[in-house]
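Position 140 (the sequence shown) corresponds to 136 in this note's numbering; numbering is contiguous.
Because the hints were derived from the structure by calculation, they are not lab data. No residue lacks a Cβ here, since even glycine has one placed at the ideal position from N, Cα and C. Incorrect hints may appear among the rest.
[Claimed, not checked] Derived pair list, reagent style EDC-like, types lysine to aspartate or glutamate, alpha-carbon separation capped at 20 Å:
1) 238 with 215
2) 186 with 76
3) 139 with 172
4) 139 with 81
5) 35 with 76
6) 50 with 29
7) 139 with 76
8) 132 with 81
9) 57 with 148
10) 224 with 269
[As the list claims (entries may be wrong)] Here are the simulated distance ranges between beta carbons:
11) 38 with 197: 54 to 60 Å
12) 147 with 69: 50 to 56 Å
13) 262 with 239: 17 to 23 Å
14) 186 with 43: 16 to 22 Å
15) 54 with 202: 24 to 30 Å
16) 256 with 202: 37 to 43 Å
17) 73 with 38: 18 to 24 Å
18) 197 with 75: 22 to 28 Å
19) 194 with 219: 24 to 30 Å
20) 219 with 186: 22 to 28 Å
21) 28 with 186: 35 to 41 Å
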Amino acid sequence: MLRNNLEVKILSVVLAVLFLSFGTITVIQINKESADLLKQNQVKARLLATSIEKSIQNYMKEGRVDLIRRLVADIRNSEEVERLEILRRDGTLAFADFKTVDAVSGTNEKFKIIRERERPANFLDGRDPFLPIYFKGTIETGKNVSYYETNEDKELLTHLQPLINQRECHRCHGADEKVRGVLRISTSMKGVNEAIMTNRNRVIIISLSTILLVGIVLEFLIRRVILKPVDGLIETMAKVEKGDLTARADVNIDDELGRMGRSFNSMIMRLEEASK
């Protein structure tokens, strides 16, 4: 009973300390790596938006609206991109009704056919509670912004990239407005969330395996270094209690248990001499 209680007490204290320390380290590690993955995803979305912005600017300088439409359509079909729109300052979809092109180059019959087929909606109508706030900030400051949202049960990272009215654009659009529009691109968080989940499970499994391994090693050491000498002392005490004064504790270690065993043997020897 003494051995079992002592073993349980020591292991309980050690395992509690291990769980507390490894648990803290695990939580910190999971949070850090999750934050790193989210940051990398934001950087990736920002780079993609910047690349699209540069392509749009180059095509606009050449007056190639058709290439912009093709570029947007191609990127929309990519696996990670859930949404891609170029919005005017008033929130309507650009390059869908050729309103801007008409203002710059005049009416064209070819554009009329497309205009009748596509009727752009205003994206600031309140269906997206975050867009009007961030959209206004992007238009006013000319700085990009990223935010998380849920659309049709899909978690998305949405990035708003301002389309700056550069000097080369003034000959067609004038210089009154600093920002001509906003590029909105939303990427799915599914892959990132799966990576975070996989990473979390990996860290937890490693931590639990480490705790289990350390616990097994500690149990072996406790039995070997502490409980075995204690068992020897208990057996010797039991023999002496039954009157066997020739019993001696087998101690060959130089620690507190060893000194206690030698003191116990010395006491038995005195009792044996006194009984003669």
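Status of each hint after checking the structure:
1. 238 with 215: violated (32 Å)
2. 186 with 76: holds (9 Å)
3. 139 with 172: holds (18 Å)
4. 139 with 81: holds (17 Å)
5. 35 with 76: holds (16 Å)
6. 50 with 29: Not OK: residue 50 and residue 29 at ~31 Å, beyond 20 Å, violated.
7. 139 with 76: violated (24 Å)
8. 132 with 81: Holds - the C-alpha atoms of residue 81 and residue 132 are around 16 Å apart, at most 20 Å.
9. 57 with 148: Violated: residue 57 and residue 148 sit about 37 Å apart, past 20 Å.
10. 224 with 269: violated (29 Å)
11. 38 with 197: 54 to 60 Å: Since residue 38 and residue 197 have Cβ atoms about 23 Å apart, the given range 54 to 60 Å is violated.
12. 147 with 69: 50 to 56 Å: violated (20 Å)
13. 262 with 239: 17 to 23 Å: About 19 Å separates the Cβ atoms of residue 262 and residue 239, which means 17 to 23 Å holds.
14. 186 with 43: 16 to 22 Å: Because 20 Å falls inside the window, the suggested range holds.
15. 54 with 202: 24 to 30 Å: violated (48 Å)
16. 256 with 202: 37 to 43 Å: With Cβ atoms ~40 Å apart, the hint holds.
17. 73 with 38: 18 to 24 Å: holds (23 Å)
18. 197 with 75: 22 to 28 Å: Holds: the Cβ-Cβ distance is about 24 Å, inside 22 to 28 Å.
19. 194 with 219: 24 to 30 Å: For residue 194 and residue 219 the Cβ distance comes to about 38 Å; the hint is violated.
20. 219 with 186: 22 to 28 Å: Violated, since residue 219 and residue 186 (Cβ atoms, about 49 Å apart) do not stay within the stated range.
21. 28 with 186: 35 to 41 Å: violated (22 Å)
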